[in-house]
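Chemist: In the numbering used here, the protein residues as written are 384 to 893.
Hints in this document: simulated from the structure, not taken from any laboratory. Hints may be right or wrong, so weigh each one.
Label pairs and their computed distance ranges (CB to CB) [stated by the list, open to error]: (1) Gln708 to Tyr639: 13 to 23 Å; (2) Asp737 to Asp810: 35 to 45 Å; (3) Asn448 to Asn626: 50 to 60 Å; (4) Gly628 to Ser481: 28 to 38 Å.
Derived DSSO-like pairs (lysine-lysine); straight-line CA-CA distance at most 27 Å [unchecked claim]: (5) Lys789 to Lys863; (6) Lys854 to Lys840; (7) Lys863 to Lys814; (8) Lys854 to Lys738; (9) Lys854 to Lys884; (10) Lys385 to Lys440; (11) Lys814 to Lys826; (12) Lys603 to Lys385; (13) Lys733 to Lys826; (14) Lys840 to Lys826; (15) Lys789 to Lys733; (16) Lys668 to Lys523; (17) Lys765 to Lys821.
Just so you know, even glycine gets a beta-carbon here, dropped at the ideal spot from N, CA and C.
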Amino acid sequence: MKYFAWGISLLVGLMSLGQEMLWFRIVSFNLGGAPYAFAIVLVFFLLGIAFGAQRGKIICKYSSNLLLTGGRVLIFAGALDILIPFIIQNINQPDNISFRLAIFCILILLVAALKAILFPIVHHLGTNIANGNVGASVSKVYFFNIIGSTLGSLLIGGVFLDYVSISSMFIFIGIVCVLLGILMIIKKSAVSVIAVAVLGSFCFCFVDKHTDYIFRNTFKKNISINSYIENRYGVIHIVNDDNDGRKNIVLGNHMYDGIINMDPNNDINDLNRLYLLAAIHPNPKTALVIGMSAGAWTRTLSSFPSLETIDAIEINKGYLDIIKQYPTVSPLLDDPKINIYIDDGRRWLKRNSDKKYDLIIMNTTYHWRSGITNLLSQEMMKILQHSLNPNGILAFNSTRSLDTLKTAQSVFKHAYWGPMGFIYASDSMMKIDENVAKARLDKLVLDSRPLFNEESKQLENGAYKKTLEAKLLSLNEVEKLYNLGRETEVITDNNMITEYKYGIFTTKEK
384 MKYFAWGISL LVGLMSLGQE MLWFRIVSFN LGGAPYAFAI VLVFFLLGIA FGAQRGKIIC
444 KYSSNLLLTG GRVLIFAGAL DILIPFIIQN INQPDNISFR LAIFCILILL VAALKAILFP
504 IVHHLGTNIA NGNVGASVSK VYFFNIIGST LGSLLIGGVF LDYVSISSMF IFIGIVCVLL
564 GILMIIKKSA VSVIAVAVLG SFCFCFVDKH TDYIFRNTFK KNISINSYIE NRYGVIHIVN
624 DDNDGRKNIV LGNHMYDGII NMDPNNDIND LNRLYLLAAI HPNPKTALVI GMSAGAWTRT
684 LSSFPSLETI DAIEINKGYL DIIKQYPTVS PLLDDPKINI YIDDGRRWLK RNSDKKYDLI
744 IMNTTYHWRS GITNLLSQEM MKILQHSLNP NGILAFNSTR SLDTLKTAQS VFKHAYWGPM
804 GFIYASDSMM KIDENVAKAR LDKLVLDSRP LFNEESKQLE NGAYKKTLEA KLLSLNEVEK
864 LYNLGRETEV ITDNNMITEY KYGIFTTKEK
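Can you build the whole structure from these sequences, using the hints too?
Modeler: The following block contains the structure:
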């Protein structure tokens, strides 16, 4: 019986902690990657474990057949797991985030509690009181539960989600849970536990591994999905918005990540922020893009005639599959001067500290999202400064956080606020000379054709005029334009102020 109890303890731990990872992905997706998403999941997960363990204690005290009771609990838990994707699908309305979060919290608590009920039960089943080795027996059951919990986080969060959607993973865990419950009722051998894992894997072959029930109904009316990719790094959607006519909008984990558009006449991607680098830097030879996304910026950067090498880093390999699907950006995959690396940007820079660039571009995500400090902190600015040539320029998206400009200014000799809050930083002076800018913009060539023709140069809202009209503002000038209501602060790895101190905040013009 003890081997059977060890096996149950291991599998329940694996399923339980694996589901915690799934819930974190779901809650984070719905909150746009807010840093407190994990805290919400952890609170209700631990509460569920506490309630479940307490209920399990009562069952152990009064139940005459722990195998039967434990099996029934597991069957019920598995049935709930299978239903979860369909429950979420039916509550996923874009304007009811509070209601959704409330349901998520209830489900997290229930799922954790049902599996935690088994913890006291398997301790009773696996403990040999007669021989007096109670402490050793309890520790062994606990040991296998910890092993399972560790494997659940690693295998489900780090491996399986690269091949299986979150919806399918819930269904798979539910199937294994039901089979394990049936096993507890009808048999009690360690070999049977292994058989359940094998049978569950066989059943999984018949589950659609790419179902998207959980993320299917999260968009507003008149928004249609063109492409969908889900992996362990997150969820990518390419959508059309018929409300404003925009096509091929890129969403990473439910947040805006750009548009697959490179038309200078219809610059809805605001690529003038990138063209401005051509106007500022006289002759860039090497460039680094951190956060390639769907590739519109990287592809546009290849139009700079003097560039010989472009290194592009993207943490989510799913974007490569997206790029292949869209002819506008797919040529960058075959461009000999573009090198693509699937890696974390900061880690890659540390591993390649010998490489130097004339331009570094980060079209960074929102300054309040989880993990963004890794890209916006003073420590990261110093790493980027080290990777620039003496006259090199760093350009990154502040998403209108004045603290990012203050941070860049604390490292670089010159740092300015450009169009839409894009930051341009360098240890060399930067200025925009209209005549020089015109001459350099005229030299931009993409697919053997000038990027700007005579028609595009005349458009009031075209990228050409927007680039020439751009201004670079100092921190003092920006503070006069915006009502921040406090002193700007330097972002560091330790204070993480844009994530935890100020959160979602957009500056307001006076």
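Chemist: Run through the hints listed earlier and report the numbers of any the structure violates, in increasing order.
Modeler: 2, 8, 9, 12, 13, 16, 17
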